[in-house]
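Undergrad: The primary structure of each chain is shown beneath.
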Amino acid sequence: MDFGQYQNIVTISVYGSAIALILIGLYAVLIKKNLIKIVIGLSLADAGIHLLFVAIGYLKGGTAPIFSPSVVGENVTMVDPVPQALVLTAIVIGFAVTAVALSLVIRLYKHHNTARIDQIKSLKW
Amino acid sequence: MEDIIYKILGAILTIITAFVVGITYGGLTRKVIARVQNRVGPKFYQNFFDVLKLLSKRTAINHGVMQHFAPMFIFTSAVTVLMFIPILHDGLFFSNFSFHGDLIFLLYIMPFGPLGMALGAGQTGNPNSAIGVTRGLSQMVGFEIPFVLSLVALMVQFETTSVTEIVNIQVESGVWMIFSNPFAFLAALFAMFGMFRYAPFDIVGAPAELASGPASEFGGKYLAIMMSSSSIFTFAKLVLYVNLFFGGAENLVELLIKTFILYMVPVVYGLVSPRYRTEQSITYFWKWPLALGVIGMIWAII
Amino acid sequence: MKNIIVIALLLVVGFYLVDSFNYIKFGDNRLGAPSDEKTVGAYYLNNTVEKTGVANVITAIIVNYRGFDTLGEVTVLFLATTGLGSILYRRRKEGEHEERVTKESSYLLQTGSKILFPFVILLGIYVFIHGHLTPGGGFQGGAIVATGFLLMLIAYKNFKLGHNQLTWVESLAGITFVSIGMWGLITGGTFLENSFIPKGTLNSLFSGGIIPIIYIAVGFKVAAELTGVLDILLSIKPSKIKK
Amino acid sequence: MNTYFVVLLILFGGAIISFAINKVSYLLSGIVAFIATASATVFFYLNVDTDNFVQFSLAGFDFQWGLNSLSLLFTYIVLGLGTLATLYSIQYMRFKNNLGYFYFNFLLGIGSMMGILFSQDFISFFIFWEIMTWSSYLIVVYNGNKTHKIGIKYMIFSGIGAYAMLMSIVMIYADVKSFLIADYIDYISQVGLSGHYLQIILLIVGFGVKSALMPLHVWAPKAYANSPMGYTSLFSGALSKMGVYGLSIVLLSLLTNFNTGENVSLGGLFEGINAEFIRIIVQWLGAITAVMGTLYALKQNDAKKLLAYSSIAQLGYIITGLAIGTELAVMGALFLAVLHAIFKGALFMAMGAVERQAGTTDMTKISGLVRKMPFTFIVTLMSIIALAGIPPLGGFVGKWLLYEGMITSGHYFLVVLIFFSSTAAFLYCYRILFGIFLGQEEKETINVREAPISMLIPMLLLAILTMVFGTYPGLLFEPIANAMSYIGYNDVVWEMSTISNVWGDKVSLDYVSLTIFTVFIVAMIFLTIKNYKGTRYVTTKDISTSGEMPTENENLTFQLNFFQPFERAVAPLYKRSMDKIYNTIGESLDALFNFVRTIYTGNGQTYALYVIVFLVIMLIFKDSIFN
Amino acid sequence: MVISPVHYIAVPLLAAFVIPLFAKLNREFVRIIPGIVLLYLSYVSIVLMNQVSSTGTISEVLAGWAPPFGINLVFSAFSGFLASLMTFMGLVIWIYSYRFKKIDDEPALKFYVLFLMLITGAIGIVLTGDIFNLFVFLEIVGISAYSLTSFYRNRDGAEAGFKYLLLGAFASTLILLGIILLYSSIGTLNMADIAQKSHLIPTSLKVSIFILFVVGFGIEAEMFPLNGWAPDAYSQAPGPVGAAFSGIAVKAGMYVIIRLIYTLFDIEGSFQFLIVMGLITTIIAEVSAMKQTNLKRMLAYSSIGQMGIVMVAFGIGTREAIIAGLFLMLNHAIIKGLLFLSSSYLVYNDDNKLISSLSGLGKRLPLVSFLFALGAFAIVGLPPFSGFWSRLYLLLAAADKELIYLIAIILIIAVIEIVYYFRVINKLYFKDIKVKSDDVQKPSINAVISMSILGILIIAIGIYPDLVTSYLGNAADALLDKAGYIENVLVDINN
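If you read the protein sequences in the order shown, they are chains S, Z, U, L and B.
The numbering of the first sequence is the numbering used here, which starts it at 402 and goes up by one.
The numbering of the second sequence is the numbering used here, which starts it at 6 and goes up by one.
The numbering of the third sequence is the numbering used here, which starts it at 94 and goes up by one.
The numbering of the fourth sequence is the numbering used here, which starts it at 262 and goes up by one.
The numbering of the fifth sequence is the numbering used here, which starts it at 26 and goes up by one.
Wrong hints could be hidden among the right ones.
Claimed, not checked - Mimicking EDC-like on lysine to aspartate or glutamate, the simulated pairs with C-alpha atoms at most 20 Å apart in a straight line are: (1) B/Lys426 to B/Asp502; (2) L/Lys410 to B/Asp457; (3) S/Lys461 to U/Glu197; (4) L/Lys438 to B/Asp376; (5) L/Lys883 to B/Glu293; (6) U/Lys253 to U/Glu197; (7) L/Lys836 to Z/Glu164; (8) S/Lys525 to B/Asp291; (9) L/Lys357 to B/Asp375; (10) U/Lys144 to S/Asp519; (11) L/Lys841 to L/Asp851; (12) Z/Lys292 to L/Asp840; (13) S/Lys461 to U/Asp129; (14) S/Lys511 to B/Asp457; (15) L/Lys414 to L/Asp771; (16) L/Lys407 to B/Asp291; (17) L/Lys407 to L/Glu616; (18) Z/Lys226 to Z/Asp8; (19) S/Lys525 to L/Asp851; (20) L/Lys883 to B/Asp457; (21) B/Lys222 to U/Glu130; (22) B/Lys316 to L/Asp851; (23) L/Lys560 to Z/Glu164; (24) B/Lys426 to L/Glu828; (25) B/Lys316 to L/Glu848; (26) L/Lys704 to L/Asp771; (27) L/Lys560 to L/Glu588; (28) L/Lys767 to Z/Glu284; (29) L/Lys883 to U/Asp121; (30) Z/Lys12 to L/Asp771; (31) L/Lys410 to L/Glu828.
Derived from the structure by calculation, the hints contain no laboratory data.
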């Protein structure tokens, strides 16, 4: 694919949408009072990050970086494999964090009997 | 050897002179006050009899060792002050140890007696004595300030702290201190009012309500010693003033005239004054006398 | 009001991020020519097949080039399970059993799950065994296996997971990973050195030296960890949560 | 082994041993402490050598330990008073708890003071200084419970002082590249003072705190009053003298040894500051300290606090003398420093004896102890006479030198101020004698006995010293003259028992003593013989109040509002106390601090918002932050 | 087998995987294995530190791929110093927490594994030479820290843990964004390579990346507006974990900031930025500590304040300042460690950890109180304890650069520290006893040993600072030698 004169617009829209996802996630974290929603926000932001990762790895006309029998020896453009490897790690870590976050939400709910973050302020100052 | 004999003789002579003069002045004061008040008054030698009478009395009770020591303290102080003041500025007998002390020494030996007195008074356990003492001490702080200011003015002016030197300088230049620095003199004069404790500064003794103040528990020989000591003390202070402000004295007659005139000032002032309360007298000293002292000092510095 | 402020702040952040990404054009070739590799990615593309004998470059990166990352990743998962266990730990009273939040599900779901379960597991195992050849690998395969268990956990209220077995799988897989790494350290001089097992031929199952072995271990481990996490999260006593 | 190390080893080792041995026996701890100080003293004076310097290097800095004639003078105070105070403490502390703790800190204090005096470089000076500070803090709070605020106050001010000093030290190091005090003095004398005023001011602040200089004195009264008296004698006598020691180095060595032609002002904030200006400020601060200390002293009802304020006043004289800096004034200041250690040491010990025997030193509660504790009374009396500066005891010599030094160098108004202070001092001197020993004998004190002999000996020794130095001050002039040669006064003339000023006036102390004692003894013999017979001792109830014998229940005690008239006269001076100012500052700081910590709202979202805000700020201003 | 830096990571990980299996044999293994591992790592530290001081930086290649293609570990005098410090602290804290009663009431297995991983992650951060790998280790630290924070059920641990997690997740988001930008602009993740190539990035982009990293890692390093989690986490985590946070985890965050500024990016103004941020952090934290009623919280704020001072030290940037900064880190680790460990016993039975509950405990718990007092004396910088020297070094470094205001602020802060620490000491010793003797928990023998080790160390370093200064000097040289770092890591490529 050649974006030609639309290069800039494509760049901004691709990255921009991923970034928008991150920002939406952060918005949820900063504004929503429900703990579950906050965790969802974190996951959203994570997803945005993962998208960005994959997007920067992309290159025009690239295929998956796998030297399957059909491509061995042929001059095939492949996308950058590193971001893909990194994003896998990032996903796993994101999963782990979400799991811990959820378990903490459960604990908090049991302890305070509420899931509103602005009511859980026994530690302050 | 001869020197020492002369010294001892001179010292004894000085003490006797001071005693006699002091007691006489006391008697004269009573007389003067009486005449002003339109009374006849006692004979001027009445005080001699008083002392003699007291000396011959037996002391019956004693509250403790400090009471016993108190008269000695005051006597020691009076005599020491006397010893370190030149009585006559070139007298053979009357110069005593005046070369061995100076004004600051005198300033510090003077409270020695009152302090001992105060201790004795304290030992008796009579609250009136203690009240009198606190008043006396407080008042002392009051009048010492203008006094010191004027003394500092003197020292600055003559660049010496020795009384003998001050007298000599005055005699040599022929100008008495009272003329060369009148402000300092006035400050010292006011201080003197407090020092002699005549009205309006007689709250220390306050015979009316305190049963004669610090000395109230003393009687007999103790009181005699105290009386004679304060007579000596009075004389010594007068001599000091004369030395400082009136150019000293050549002979005893001159000395007597000068001291008597000087002595009459507080007496007369006291006659026309009501009594101040302690804090009033303190603040009194810290108004005009203090200002005069400061002016005197600035005068001296310039 | 707070909303507007937050939105404004986030927009500023977004502006600067987009601005920064402007330096990086989407789809540009940043790899550089084979002779002039501009990124490490290019190096991997050019050398992986030759040096590791693995067809899937991403697998090679994950397991070998950046195998240390993966070890860390596995540890993170392991920690997540452990952490979950510690956070939601509850001292059990006498005779008390783990009870799941889920309700008894419909017969349809139960049967469907029972039929699907072996196939899902099979698919998962396939994916992680062939991680070095095809897209996918230990993480993906492990996740698929865990999905199978999730199906069963949802469908059957009384589906019992062997906690012992889970622990064994978890630990052994982890131990395998680290031991292989240590073995590399002993034989080859570096941790995770891919030298003591022959590389094999490209695009065959037995190729890539230690890479498939590790990836299989990872697969088992991921499957066990994810299942464990799901199990813990599902095993909260409903009575504890007050409405 | 080197003398300095051995001395410190004995003292610090003794500290640890007496800490440990407390478990065995409560007496042993004190005895070990005494043995340690005594043996350190003996060893030190057997091996003393002012030219012996030890160099070593630690943590990348060069250290130098040695002894100069100035510090030698102060070792007399520290070791002498230290030995006596430990001897005193054995009995004084006998029935108290935590003796190991007490002696540990006690010896640590003595050791660190010796360390300060040994230090020829700023850094070991500072280290020992801080050890001294915290060990004394630990003793200040020893009495427990109500002392904690006092302790905190002490520690805050010590901290301010010490850190001001530390700041100065590091700035000095940055300039001189050496920690040696001598190097710094050289450096200053070469390059002049401009640009170094801050260092010197900070040093003065540092030393000023320990020597209780206005307005840094507020810790002192209560800290002195609430420590065990055995230690307070050292605290007020020796520890505060470390501040004096430091000030004498700063004010005399530093501020006089530089090129006098140079008076470059720093500009800006430090416009108009020069060496003379600093010294004038310190002189006046010292004088004001003296006056305020005295005024507050005579208000006190607790003898310990009274003495504490009196210490502040006395230190004010000393500092003023040092700041004036003429030969006579410095001599007077150093003489007073030693004398103050002696008589204030004795006084605090005496108060300790009273406290131990009678249970309190509150003058409204006890009185009339003179018959019960005659020796303590004699010690107190002599020390008070010395304190008041009345001849023939030692205090007079110091005062005389100080006054002459001031008058002959033209500080007339200072003289008046100081004189006012010392006259007003008579008031509290009398107060303490009367309040405790004289006046009515109370029922509560009927069973009071004289203090044990081991407490009396040190007190009496100190009292006798005041008398000796009153007649033969030359004994002290010798080391003082040596000390002064170290800080830049060469060839100080002194005589054994004659003091003289630059105008040629003199006071012959032997004549003075001779006169006073002769007259006194003659009068005493006369009166005693005459009154020996027939007088009988009666109780203090047997007095003639208006000719009546007082009844049993009549209240004859006069202790409350003792100097009320005087206090009324000087009431305006009491209005603004530094204490109140500091309290206001403290409260407003407290409020501010409480406000600041509400930043941590407790809401996780707020914290997250902070992150975003911070990020945004950084991003927006990235060009100006990272250009 | 040659001892190499990878042992720091591999051995604990192996142990972590092994522990669940051994736990089935005997519960005691759960407690003992981490100790053995940490003991072994201490041995490794000694060997490697000796090696480093004789032969210079060790750069270990992993998986046989030379950097920048593979991941590498760098054991320089600088990172090695920190790694050894962390190992040592880990060992001491392990000794302390062995059979710590409160932990044994809870799932002990999990505690020891999480604790071991916390240390491993922190050491990994310090040793790794790869920025993404660093991120992974950061997450290891993070997840174990979240779990440890909320370890106790009966407290508000979950709240603290959630706040920590929230900010931690923010941190990972920002760091990942930074990594994305970094990789896409220069195509490498190896730190030495980044250092070599960072000048190729356009300045504006470079600054943006730097900001993302600084904010991200600043959360871990307790920089001011980002440290909301810290007081809560410190106060709610079990005592030994509080010590581990302040002694180990925070150091790792600080290490990254230092690396970013000193090695990775050459950004003008970053040093001043660090000074300013450090000062703000310190001032706010110490001021907040002043009014705390909760002992642990007070220690937490104090800890933040100390880290602020460390930031200042590294912001000054001269060799002396770096030595000071490292010394501060060392001191902070041992002293704050001691304070946290001893305070745990002091407020053992008070769920609110109130300072007022300490009244008179000096009589009931003499040794613990003494050690706490010792720590307090040391942390406010009183000689002859170790805290004094680090502060002195810092002040000298600041004076060298003529940063007078800095000296003044640091010293004013020291006065504030004096106030609140001495308030506690007063409470301990000079107040009436409130608690009954049954209500206090006597420390176990191993807890006493571990605290005593720290106490002795404080005194030993205080009296003879040369024990550590030479190491610190080497470490500072290693940190300043950026070219040497690059050369060491990328040796294969450049040849």
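Undergrad: Run every hint past the structure and note whether it holds.
TA: Here is how each hint holds up against the structure:
Between B/Lys426 and B/Asp502 the CA atoms are separated by roughly 19 Å; this keeps the pair inside 20 Å, and the hint holds. Note on L/Lys410 and B/Asp457: the hinted pairing holds, with a Cα-Cα distance of about 15 Å set against a maximum of 20 Å. Only pairs whose Cα atoms come within 20 Å are accepted, and S/Lys461 paired with U/Glu197 is rejected, the gap being roughly 51 Å. Under the criterion of a C-alpha separation no larger than 20 Å, the hint pairing L/Lys438 with B/Asp376 is inconsistent with the structure, at around 52 Å.
Taken as a hint, the L/Lys883 and B/Glu293 pair is honoured in the structure, with Cα atoms around 11 Å apart against an allowance of 20 Å. Between U/Lys253 and U/Glu197 the CA atoms are separated by roughly 14 Å; this keeps the pair inside 20 Å, and the hint holds. Annotation: proposed proximity of L/Lys836 to Z/Glu164 is violated, straight-line Cα distance about 39 Å (limit 20 Å). Of the pairs offered as hints, the one joining S/Lys525 and B/Asp291 is violated, with about 38 Å between alpha carbons and a cut-off of 20 Å exceeded.
Pair hint L/Lys357 plus B/Asp375 does not hold up; C-alpha atoms about 31 Å apart against a cutoff of 20 Å. Annotation: proposed proximity of U/Lys144 to S/Asp519 is violated, straight-line Cα distance about 56 Å (limit 20 Å). Under the criterion of a C-alpha separation no larger than 20 Å, the hint pairing L/Lys841 with L/Asp851 is consistent with the structure, at around 15 Å. Between Z/Lys292 and L/Asp840, the direct Cα distance comes to roughly 29 Å. Violation of the 20 Å bound is thereby established for this hinted pair.
The hinted pair formed by S/Lys461 and U/Asp129 meets the criterion: a straight-line CA distance of about 19 Å does not exceed 20 Å. Simply put, S/Lys511 and B/Asp457 have alpha-carbon atoms about 39 Å apart, too far for the 20 Å limit, and the pair is violated. With a CA separation close to 46 Å, the supplied pair L/Lys414 and L/Asp771 exceeds the 20 Å bound. Pair hint L/Lys407 plus B/Asp291 does not hold up; C-alpha atoms about 56 Å apart against a cutoff of 20 Å.
Distance hint between L/Lys407 and L/Glu616 is fulfilled; the C-alpha atoms sit about 17 Å from each other, no more than 20 Å. Of the supplied pair hints, the one linking Z/Lys226 and Z/Asp8 is violated, its CA atoms being roughly 33 Å apart against a limit of 20 Å. The straight-line distance between the Cα atoms of S/Lys525 and L/Asp851 is roughly 18 Å, inside the 20 Å bound, and the hint therefore holds. This hinted pair does not check out: L/Lys883 and B/Asp457 have alpha carbons roughly 55 Å apart, beyond 20 Å.
For a cut-off of 20 Å, the pair hint linking B/Lys222 to U/Glu130 stands: about 14 Å separates their Cα positions. For the hint linking B/Lys316 to L/Asp851, the alpha-carbon distance of about 8 Å falls within 20 Å, and the restraint holds. A threshold of 20 Å between alpha carbons decides the hint, and for L/Lys560 with Z/Glu164 the separation of about 38 Å lies outside it, so the pair is violated. The hinted pair formed by B/Lys426 and L/Glu828 fails the criterion: a straight-line CA distance of about 53 Å is larger than 20 Å.
Distance hint between B/Lys316 and L/Glu848 is fulfilled; the C-alpha atoms sit about 12 Å from each other, no more than 20 Å. The hinted pair formed by L/Lys704 and L/Asp771 fails the criterion: a straight-line CA distance of about 44 Å is larger than 20 Å. With a C-alpha separation of about 35 Å, the suggested pairing of L/Lys560 with L/Glu588 is violated against the 20 Å cut-off. Between the alpha carbons of L/Lys767 and Z/Glu284 the distance comes to roughly 37 Å, so the proposed pair goes past 20 Å and is violated.
Taking the CA atoms of L/Lys883 and U/Asp121, the gap is near 28 Å; set against the 20 Å cutoff, the hint is violated. Distance hint between Z/Lys12 and L/Asp771 is fulfilled; the C-alpha atoms sit about 15 Å from each other, no more than 20 Å. With a C-alpha separation of about 27 Å, the suggested pair L/Lys410 and L/Glu828 falls outside the 20 Å cut-off, and the hint is violated.
Comparing the model with each numbered hint stated earlier shows that hints 3, 4, 7, 8, 9, 10, 12, 14, 15, 16, 18, 20, 23, 24, 26, 27, 28, 29, 31 do not hold.
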